[in-house]
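> Produce the entire structure from the sequences given, and follow the hints as far as they go.
Just so you know, the sequences run in chain order Z and E.
What the first sequence shows, in the numbering used here, is residues 67 to 188, in sequence order.
What the second sequence shows, in the numbering used here, is residues 629 to 1314, in sequence order.
It is possible that some hints are incorrect.
Claimed, not checked - To give a feel for the contact side, a few chain Z residues facing chain E, derived at Cβ under 10 Å:
id, residue
1, D75
2, D76
3, S158
4, G160
5, A165
6, G167
7, K171
8, F173
9, L178
Unchecked claim - If we take Cβ atoms under 8 Å as the criterion, some of the chain Z residues that face chain E in the derived model are:
id, residue
10, Q82
11, T150
12, R159
13, W168
Everything labelled a hint here was simulated from the structure, so no lab data went into it.
Note that the coordinates shown come from a computational prediction; the quantities given were computed from them, not determined experimentally.
Idealized CB from N, CA, C, for every residue including glycine.
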Amino acid sequence: MSKHILVVDDAFAIRQIVGYTLRSAGYRVSEAADGMEAFEKASADVFDLVLTDLHMPRVDGLTLIARLRAQPRYRFTPMLVLSTESSVEAKSRGRAAGATGWLVKPFEPRRLLELTDRVLGR
Amino acid sequence: MSLDMRQFYQVFFEETEEHLANIEALLLRLDERQPSAGEVAEIFRAAHSIKGSSATFGFEDMAALTHELEDMLDRVRKGKLGLTRAMIDAGLEAVDVLRSLLDAHRGARQPDTGRAERLRQRLAALATQAPDGADRFQDHDDLRRYELVFNLTRVVAGSGLLVGNMLDELGRLGELEIIERPPAQQPEGRWRVRLSTRAEESALRAVLELVTDPGALHLTRMPPDAPDPASSGGFAEEAEDGSYTLFQPFPPAGRREGQPAGEPPVGDAEMSASQTTLAQSPPKAVSVASRSSADAWIRVGVDKVDQMIDLVGELVITRSILQEVANQVDAEVLDRLMHGLGLLERHTRALQESVMSIRMVSVSMVFGRFPRLVRELSARLGKRVRLQMEGEHNALDRGLVERIADPITHLVRNALDHGIEAPALRRAAGKPEEGRLVLRAAHQGSYILIQVEDDGAGLSRERILARAQARGLPVREGMSDAEVWQLICEPGLSTADEISDLSGRGVGMDVVKRNVQALGGQLEIRSTPGRGTCIGVRLPLTLAIVDGLIVGIGSERYVLPFGFVTETLQVSPDAVVVVGGQARMIRVRGDYLPVIELGRVLGVPQAASDWCAGIMVVVEAHGMRAAVLVDSLIDQQQVVIKHLGDHFRRLPVFSAATVLGNGKVALIFDVAGLLERLRSGQTLAA
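If you want it as structure tokens, here you go:
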């Protein structure tokens, strides 16, 4: 069964592009519009990878990652941040929150797939 | 892989427009003396979202501009900069420029790159410029950075909820950054966090002393630009082009093919050892009610909805075809057929309503633009105006929203320009200097009423009458106020140059009225001298289907929209008022009504001319009544409005056409327009 990825971004357009890119590489993709919705979906289902934006309404990306990490089933799940921020400081915060890696927006579809393939061991 | 971004453009355009409208509304609401932190954060987020998307779509000009806007907002959000009027103004201009860049990417026009670049620089300057000429280092004095090291008490550390509360509490004080935290399996342990805050040290202690082991809290104030120890620590891997970073080692990209097919699942014991330490998992989960998302929704293109509406329209026509056939079958079958047709009608109506509701959008789509307009126009006119909006959450057909925006804008402009007086005049009149402008939307049956009300000088009956008379417009003794106010919509009055001093509106009101009527709506004007004016636009909620009264004139069939029909009757000879041997009016329960002989006006052969033999349909629109003479009443049924082509528009008595059950096209009368022409003495004929 193909890996199931949760894509979290408040921009519908980004979710579409990321979703399209991942689906065309054979992944199963679910979407959430903010950290709160993502947390709910992640609690109701099990995902192999969480790919999240940073700034979102209600619950932001890093809080989402920290909260998911606290759940036994997501302790080791790869979680990637997809953000326009690229400073070392921002990435450090990402690492501290429990992120697996950091992808800078705008992303190249090829790079996104390279990264997801790697963290999913594909 | 190749990815054609163009297929997602439309979504990007729409989403960005929504964000821009949101940013604009929020900026207008911001009080620069006491900006709401939540609103600044919301504007920041919207700007951030536009930046991310536009960069992803390769719209670099938009991304560059939003980057500066976002940067400026970020500093305000973090308390590094105070919000100023100049920032709000620049933010509003950014909305305009971004809209025009968006249009340019849609191919609508050439982008004004010069303006975008100038604004980008202005935003950058505002973001780096500290208020009151102070430089940025003084800002840092205001904003203190602390590093806090502590162990949580056993009870707190064991509860995800309490840990969450503590983090929320700290987050409220400023920008929180978690540098180090104990892993999940080990709830007790060292926490190291940083906080950029304006709060006093004592406030920080107050939050933490309740939850930390006594004596275990170490609080250090950090120098403003201290290097971040965490940032100096390298990451496991960084892509050569900087496009991604991995915080822990993963198999190299090139070696994927060499891996066995059945790779070990992620979360496997071997991996977990290294990940646990690096991921620094927090304690047990913060509980969040897990429920399925209640508001699941999809986004569909307007064209698809329009297609559905068309199909529902076809269904309505199909039903009338069946109805027509039903009239020719024998009685036994007829009963059952009629029952089925009744069901079909009910279901079609329900289907129509639900399809129409998909097209419904909030009135705030129209109202949303007015805070900006009022702000700018009142500043230019030297007036003080408080805008109040009511009922903007009511729903309106999307098509209507687009077409009603201009007329309403016109009314708002007029209210500001001519209605509300200058502060000095208002003071002299004993009114507060600040004028009040109310935009109101309310449902009334199958109509929506949009009102623009001001507390300005009001219309002057005498001046309008004098002016109308001078222009040769029909003016009579004892005209009601409502009739006098309608005069301001006369082309003769409206286009006159000197009209703007006619206590008044006038400028372009004829155009407003025409546009409103073209939508099947009416314009209602109320005014009290010295107290203000209220202009209402009454519009049918749905455009596609109306209940119609089908009438026969000669061998032709026409439709009168049922909403305008008050009654139908036959007159006896003694109710006909004859003046100079000519029938002029009919008397209905003490009222005298003018009669419109449609058949004669339209030149229909064999149309009734005998008032007592035919049937009178009494119609009413904006307070005026008249009787329409027809030969017969055929049916009352839903009809689907088909818009008339351009050359048909020149027929002033018709608003649209429909297809009847027998497949024939019938014209729909523009009742409001008909009465209007009757009142103003214009010829009814085309």
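> Is the hint on R159(Z) kept, meaning its closest Cβ partner in chain E is under 8 Å away?
holds, 6 Å
> Checking hints one by one. Is K171(Z) an interface residue toward chain E, by the C-beta closer than 10 Å rule?
Result: holds, 5 Å to nearest chain E Cβ.
> May I ask you to test the interface hint for D75(Z) with respect to chain E, counting a Cβ-Cβ separation under 10 Å as satisfied?
At about 8 Å, which falls below the 10 Å cut-off, the nearest Cβ of chain E leaves the hint on D75(Z) intact, so it holds.
> Is the interface hint for S158(Z) satisfied, with its Cβ closer than 10 Å to some Cβ of chain E?
S158(Z) check passes; min Cβ-Cβ to chain E is 4 Å, inside 10 Å.
> Does D76(Z) hold up as a contact with chain E if the rule is Cβ-Cβ below 10 Å?
holds, 6 Å
> Against chain E, with CB atoms and a cut of 10 Å, does the hint on L178(Z) hold up?
Interface hint status for L178(Z): holds (8 Å vs cutoff 10 Å).
> Classify the hint on W168(Z) as holds or violated, based on whether any CB of chain E lies nearer than 8 Å to its CB.
holds, 4 Å
> Going by Cβ atoms only, is Q82(Z) closer than 8 Å to chain E?
Result: holds, 5 Å to nearest chain E Cβ.
> With a cut-off of 10 Å on the beta carbons, see whether A165(Z) makes it to chain E.
A165(Z) check passes; min Cβ-Cβ to chain E is 6 Å, inside 10 Å.
> If you take the shortest Cβ to Cβ gap from G160(Z) to chain E, is it below 10 Å?
Holds, about 7 Å.
> F173(Z) was flagged as interface toward chain E. Is the shortest Cβ-Cβ separation under 10 Å?
OK, holds: F173(Z) within 10 Å of chain E, min 7 Å.
> Hey, does the T150(Z) contact hint survive, CB to chain E under 8 Å?
holds, 5 Å
Against the hints set out earlier in the document, no violation occurs for any number.
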